[in-house]
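Trainee: Chains A and B supply the protein sequences, listed in that same order.
Residues in the first sequence are numbered from 0 upward in steps of one, following numbering that gives the first Met the number 0.
Residues in the second sequence are numbered from 0 upward in steps of one, following numbering that gives the first Met the number 0.
Among the hints, erroneous ones may be present.
Said to hold, decoys possible - Below, computed lysine-lysine pairings styled on DSSO-like, alpha-carbon distance capped at 27 Å:
| no. | chain 1 | residue 1 | chain 2 | residue 2 |
| --- | --- | --- | --- | --- |
| 1 | B | Lys390 | B | Lys26 |
| 2 | B | Lys423 | A | Lys7 |
| 3 | A | Lys110 | B | Lys420 |
| 4 | B | Lys420 | A | Lys7 |
Read the hints as simulated data drawn from the structure, not as lab findings.
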Amino acid sequence: MGDRRRIKVLISVIGLDGHFTGAEIVSRYLMDAGMEVVYLGIYQTPEMIVSAAIQESVDVIGISSHASNYDQIGMLLDLMKQNGLNDIPVICGGTIPRQHAETLLKRGVSKIFPPQSSSESIVNYITSIVKR
Amino acid sequence: MKRQTDYGYEIKPVYTPKDVSDISYEKDIGDPGSYPFVRGYYPNGYRDRIWTRRMTAGLGSSRRTNKVLKKYREMGQTQGMLVIHDRPSAMPIDADHPMGRREAGVLGWHGVSLLEFEELMDGIPLIGQSITLLGSSAMSCMRLAYIVALAEKRGIDLKEVHGSVTEYPFCHTFGQTDHMPLDLNIRLWLDSSEFIIRNKIRMRCGILSQHFQESGGNNAQALAVEIGQLKELLGLLVNERGLDFDDVGLLPYELVSIGSRFFEEIAKVRALRRMYARMARETFNAKTEKACQLLISVHTSGRTMTYQQPYNNIARCAIQTLAGAIAGCTAIDNACLDNAHAEPSAFAARMSLNTQHIISDETGVTDVTDPLAGSYFVERLTNEVEDAAYKILQQIEKEGGMIAAVKKGYIHNMMYESARKRQKEIETGERLIVGVNELIIPPEDDDDIPIQSLEASDSEEIAKRIEKWKETRDMSILKDKIAQLYKDAKKDRNHNLMPAIIEAVKAYATAGEIMGVIRMAHGFHYDPLEMIDCPFKLS
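Please model the complete structure; the sequences and the hints are all you need to start from.
Mentor: Here it is in C-alpha cells:
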C-alpha cells in the first residue's frame, strides 16, 4: 500500500444507529486534510464494513458510535482478524463511556476520540499511524 | 468571542427603545392568553398550570424500564412520563431479527408489541398523568394502538387518556433510527392523526424541531423547519382527509431544543408561538383561539452536554431549564449530566428532576408570566429570529415545501452546513465551551460518573424471550388479523389502517410483523433490512 499518495479512510456508522452528523463532519475534516474518504453512512453491519474495507483497500477504518452495547465493534474486530485485516487500524469516535472505551481498546481498537475531539487531533493521529 | 446569534445576526452592546419602536404591543405581542400569543396561552401563566416536570426513560427490557418509571415516580415525576424506543423497535424490527438481537434495548425500550407495553405500564396509571412515547415515526400507529388496547383492557374511557404517542414523519431525516420510506411514513402519519382527531382523543402528535436542531440546525432554521412541517402536514389533514382546521389545530405539539444561549432560546419560543398563531389564522383560517395555540414542550439540549467534565452539565442543564421555564412551556424533560456518555443513571435523573423542582419551587419563576416581555433586547431578538426564520421558510417553499425539500436533500444539507459551522467556531475558539476548548483538564483527571450500561447479553436475553413468546400466541386469530391488515393496506391511500392495526395489536402481532405486512402491501420488502422473509402467506 506504500505507493499510494493519499491516505484512504473508511468512515461508517455501525449497526442500527441513525446518528450521522459526527461521521459526516469527521469525513469532511479528513477530506479537507487531503485524505480520501469512503463514507458508508448508516445501517452498516460489521460484515458490510469488512467487505467495503477489502474492496476499497483502505488504510484506516473509522467507526462512529452513539450509544450502544458496543458489541458490534468487537464483532467487526473479530471479522477483520478472520479476513486477515489485522493490520488495518480501527479508530472510534462518539459517545463511548470510559469503561466501554477501555474494553474496546483492550480488544484491539487503536484509538477512541471522545465527542468534541479537534479535527487536528484526528488528522494528526491518522497520519501518524498509516505506514507510508 | 463571537458576539452573534447562532443564526449570524450581530448582537449590540446595549438595546434601547429605538430597537422596539416598530412593535405594536396589542398587534404584535398582546397580553398572555391573547392572540398572537407571544406571551403564552394562559393569562396567569404557571399559576394556572405548572409545566410537567419529567425525564426520559427507556433502556433494556420493558420490565427494566418499568422499574425506572416507578423510580422516577418516587423522585416526584407524577404529572407525566416519557419513554423512547430502542433502535430495533424504531426501525421497526423485532428483537429476534438477526440485527435486532444485536441491539435490543439499546438507547430505549423495546416496544414492539402490546405485551411489551403491558409490561412497561405494569402498576403505572394510564390516566392522571400524560403518557408520552417517542422515538420513531414508523411506530406511531403501533403506539396509538397500544393505548387503545390497554385502555380497553383496564376498562378506561379512551378520552380520559392524554399525552402524545405519535410523531411526525421526518424524524429519520434528522438522525433518528427509523427505516421506513418517507411516503409510507406520511401515509401512516395521516392515518394515526386522523384517527385521533375523528375520535376526539386527547392525544397530541409530536411535530418536532428538536431532532433537527440536535443534529446541527440553528435557532432560526429550527423555527423555519417547524413551521414548514406544520404547514404542510396539517395542510394534508385538511385537504386529503377533509378535516376542519379547528380540530386539526389541536393535534400538534412541538418539542423545542433549548441550548445555553439563554436570551436567544427564550426569544425563539416566543417567536414560535406568534408564527404558529399567524399561520393558523392566515393560512388555515382558524376560527377558535385553541387552534392557534401550538403546545410547546422543552428538551434541554443534549448536544450541548459535554463528555469532558460531565458535572459541568448540571450547570448547563439548570441554565437551559430556567430558559425553558421563562420562555413558557407545557413540559420539560432535561438532557442531563451523563448525556454524552449513556442513558440517564438514577443519579443523573434525580439531579435533573431536582433541578426542575428547584427552578419551579425555589426561584419564583412561576410567579409572573413571560417576565422578560418588554425587554428591549428580548423583544428585538424575538423579532429577529422570526425574521431570519421567515427568510429560511421562503427558501424551503421555493424548494416546493418541506416534503420536497427533505427529498431533495435541501434540509439535510442545511443541517450539515450549520453543524459544520458550529464545529469550526469551536475549533477556532470563536465559541467557548468549558472543558472542551477552555479550562481543559487531562482526561485521566476527569471525574468518573455512574454509568447505566447495557451489555450484549441483555440484548440477547430480550431476543430469546421474544422468540419463545411468539410461539405461545394464538396463531389462528393472529393470522386472520394480519390477513385483514394486508387487505386494508392494499386499498387506496385514504383508507385508514388504524382499525386493522389495532385488531392486529390486540392479537399480539409485533411491530416487525405489522409494519412488514404494510410494507409488502406497498410494494416494499417485508424486512426494512431485507434479511428475513415474511412468515405469513398473504394474498
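Trainee: A separate judgement is required for each hint: does it hold in the structure or not?
Mentor: Consistency of the hints with the structure:
1. Distance check on the hinted pair: lysine 390 of chain B and lysine 26 of chain B sit about 21 Å apart at the alpha-carbon level, within 27 Å; holds.
2. For the hint linking lysine 423 of chain B to lysine 7 of chain A, the alpha-carbon distance of about 23 Å falls within 27 Å, and the restraint holds.
3. As the CA atoms of lysine 110 of chain A and lysine 420 of chain B are separated by approximately 26 Å, the hinted pair is consistent with the 27 Å bound.
4. A distance of roughly 25 Å separates the Cα atoms of lysine 420 of chain B and lysine 7 of chain A; the hinted pair therefore holds under the 27 Å criterion.
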